[in-house]
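K.L.:
If you want the building blocks of each chain, they are given just below.
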Amino acid sequence: MSNYLKFIYFVEAYYKFLEQPTYPSEVLQNAREYADVEKTINTSNVSLVESFFKNYGYELPRNLIVNNTTFVKHFRDIYKTKGSEQAAKLLFRVLYGEDIDFTYPSERILKPSDGEWVKYFTLKVLPVNNSNVFNLLNTRITGKTSKATAKVKDILKLQTNSPYFTENFVYELYLEDVRGQFVKETLVSSYPVITEANTIYQIGYVKILNGGKGYTLDNKVNHEGSICKISKVDDEGSIKLIDIIDSGTYTLPASFANASHNSFFLVNTDDPLKKIQGNVVLANNIAIFSSSVHHGLNRKDTTSLDFYGNVSSPLNLTTSTITILKVLDDTRFTFYVPGVSNTSVSANLIYTTKASLYATFDILKVTNGFYVKEKGQPSSSYVIQGFLPNTPDTSVLYYQPHSYVIKSSRSVNKWRGIVKSTIHPAGTEVFGDVVLETVNDNKISDTGKSEISDYLSVTADNVSDEFSADSISISLAPTLPRNYSKTTSSGTVTLPITADHVNIVFGYL
Amino acid sequence: MPQLITTNFRVYQASEFVESFADTSNNSIYTFIGRSLPWADENSPPSPSNNFNSEREAWESVVSLKKVNSNDVRQVIPRYDWAAGTIYARYNDRDTNLFSKQFYVLVLPEYKVYLCIDNNNGGQSSVKPTGISTSIFNTADGYKWKYLYSLSDTDILKFLTRSYMPVNINSDVSAAAVGGQIQSFIISDGGSDYSSTSTLTLQGNGSNFAGTPIVSGGSITGVTITNPGSGYSYANVTVSGTGSNALLIPILSPYNGHGKDLHENLGAFYVTINTRLNYSEGNGDFPVLNEYRTVGLIKNPLDSNSNVATSTTLCATTKLIAAPLSGTFSLDESLVSNVNLSNVTILSANVVSPNVELHVLPLGNQLNNSIAFSVGNGITGQSSGATGRIRQVIDPEVRRFTGKVLYIENRPPITRSYDQAENIHIVIEF
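Sequence order for the protein chains is A and B. Residue 1 is where the first sequence starts when you use my numbering, and the numbers rise one by one after that. Residue 510 is where the second sequence starts when you use my numbering, and the numbers rise one by one after that.
Hints are computed from structural coordinates only; laboratory data are not their basis. It is possible that some hints are incorrect.
Unchecked claim - Under the rule of at most 20 Å between Cα atoms (straight-line distance), these lysine to aspartate or glutamate pairs were calculated in the EDC-like manner:
1) A/414 to B/551
2) A/443 to B/938
3) A/119 to B/681
4) A/420 to B/928
5) A/153 to B/619
6) A/373 to B/662
7) A/414 to B/550
8) A/443 to B/525
9) A/119 to B/619
10) A/89 to B/590
11) B/769 to A/218
12) A/375 to B/664
13) A/153 to B/650
14) A/375 to B/619
15) B/610 to B/773
16) A/373 to B/619
17) A/111 to B/662
18) B/913 to B/532
19) B/576 to B/918
20) B/637 to A/154
21) A/240 to B/681
22) B/637 to A/176
23) A/373 to B/664
Note that the structure is predicted; figures quoted are calculated from it, not measured.
Take these sequences, add in the hints, and give me the full structure.
P.N.:
Next up, the structure:
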């Protein structure tokens, strides 16, 4: 070996030469690292980053990109998601460090039959043998007796103070894809663990036998822990629709022992509240009541009137029960008032009849259907396609199925070109919604000033501006100077302060 | 003197401010935009000064105004989106920092708001609250929630931002609210040597509370509430049986119950004023293609007839309809009349064939409301050299410098565009 020492030195030096950074051997040995954009060679002659921009990103605004390496690293994600929200969000994050939101004008176009009509299907259950009822979530339950099935979408554990149960909590299961009719039975689900629960009764439906008269939406309809609400009344205050807010929890009364459906029990309401305002003119003991709304009465009906509004009328501030003599039309009727003539007085027609409401005990409660939000309703904030007040040219492109809006803090002019050249889906229209949000602290502070002399009272609004009145003083009692002196013919006397006063001064920061 | 402005006072102030917008006989408030000329440092606009001159300076550059209606103003609260793994604060009537904590959540995509009644001793929330039950309910993760309200489409469009969300009153929740319930306890000291036979005794002015202590290792770790009772405005609890030193503090629901006085319950002492500027709305009152750098509020500006303005949009610039003779006028350049020394700035220049419609403002040294340009005058753009002859002069729709400037905000430039709307949210904390 000693004879070839120089050769050995040469070989060693040669390999060291090859293994220098960026030389062939070194590149081959560290190929994996060079594939990483953060560690790759980055010289003016050989630059993966520059090569990327030259070949793929020539339209990108290099002046906006803070870190080219990071951008290249994430560009694959942008490219893979091109045309999607994700791509735009990545682009804005990389370019501006900003999180953006999307909206789609097509979702705000009024379309016939576009309302989302929803009904909730719920069961109330008690656990069997302390089973964890929450295990039923996202499983398909089966009624052991009825064989009815449903998928459990949500579960709520509710406190109950029902007199019919010793348990303090019940579980409310929100169902979808209900098949069959559940009865009083045990439910079972075998996945992920076998879980059983017993169904219990609740108010399933409230039937209006007689809507009564004089009800308002403020009237209460309650029954032993359940809460119902009047959702709709007609002009006469007759109940037209009842919503069940809390269906309560019940065992089936003995009288309904064999029933599960259509077994009604009476639900009470509080007294109707509605009063119809009108005017009464009396002449020769005959009075005519007239109002602007339909009174809903018939001949010989009995009702009450509250009289008010004319202090000279003998009826003022009295309440009388009257009997209808004659119905003149929908808004007027006559009645007899002995001993009172030739006067006019305002009156509230207290015309009420108790409603007859019956509810059913049911296992499965199906709520009244309702529309989710305002979609599909003419009275909503949704607009007709292509319509935008005052901007017809823009709105034709805006309110159409293939437009989208990027909500950011930046003007469209800053990003329109970039978005269109990189991630914008062909055939669509992009709009910008610049969101400017500023939070201003206008908290008030108690200045601690309690002396009236510290502040000059300012009353006129225009004067307030001149004096920059940014404090408010609240005086809770008549104010007096502390040393109130009065000069009389017999000399100056000092009067005691006879009224306590409290001034609270608030200063606006 | 120790003193305190309570949260209720702040909420009251906020609600009074909101209600003032409904008083249309006395209040006509407009959002304005202005200042097309650049700041000395575009990235760092100067702070507005709080003096009369600053108000005048703001008015000088006003380009357009849009009326703020009562439905553009709402009380709002900080937005906290529900996310799995988050530890939410529970409602605590004794927490002086409650309104800076996440004690309610917005659940997406349903846009429902729930109040956290109990957080399972500070555990992470992993089950999204759901439903619209007016009852307080438990979820599988041990959290206890109450549904408060949902956001409507209009709420979302106008008032939901990344930081704030509006407060709605849900009539069902309000009607079902029960005041003075005890739904949770602060375990200040769990004590020691307690057993499963330990019981709770509650003294207070309400009724029907029932609960049992949860004992672990001889210490009380919680309370199983079987009946929250009602009507409590004060309550003390003692633990009977073996053991000692336990200190449990009941958390009382608000006097009228959760959801009854929702603005107070949630600390809605923020107000958002939302103004949306749609493209070139107002038949050109809001010109596109130029920039603005100032946003503000003006109360009771006068219209061109010297009445308090009520129109939805107002143009604050003078419009010059000119027949172009040569060249193209540029934005923000000065325009001089060949007849007199009048000198204005061009805010927008739209070609309305065969004329050009120029929106112009007087320069700073011309603080009157009128511009001394007349029909027949020749005009020249000082930078572009473009020339034209005036065919019509249309005065501003608002008398400049009238009304009271309530709010001025200087911003980096916002470039208006035919495909851009601006959603201005001015949030005021009371």
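K.L.:
Please list, smallest to largest, the hint numbers that this structure does not respect.
P.N.:
none
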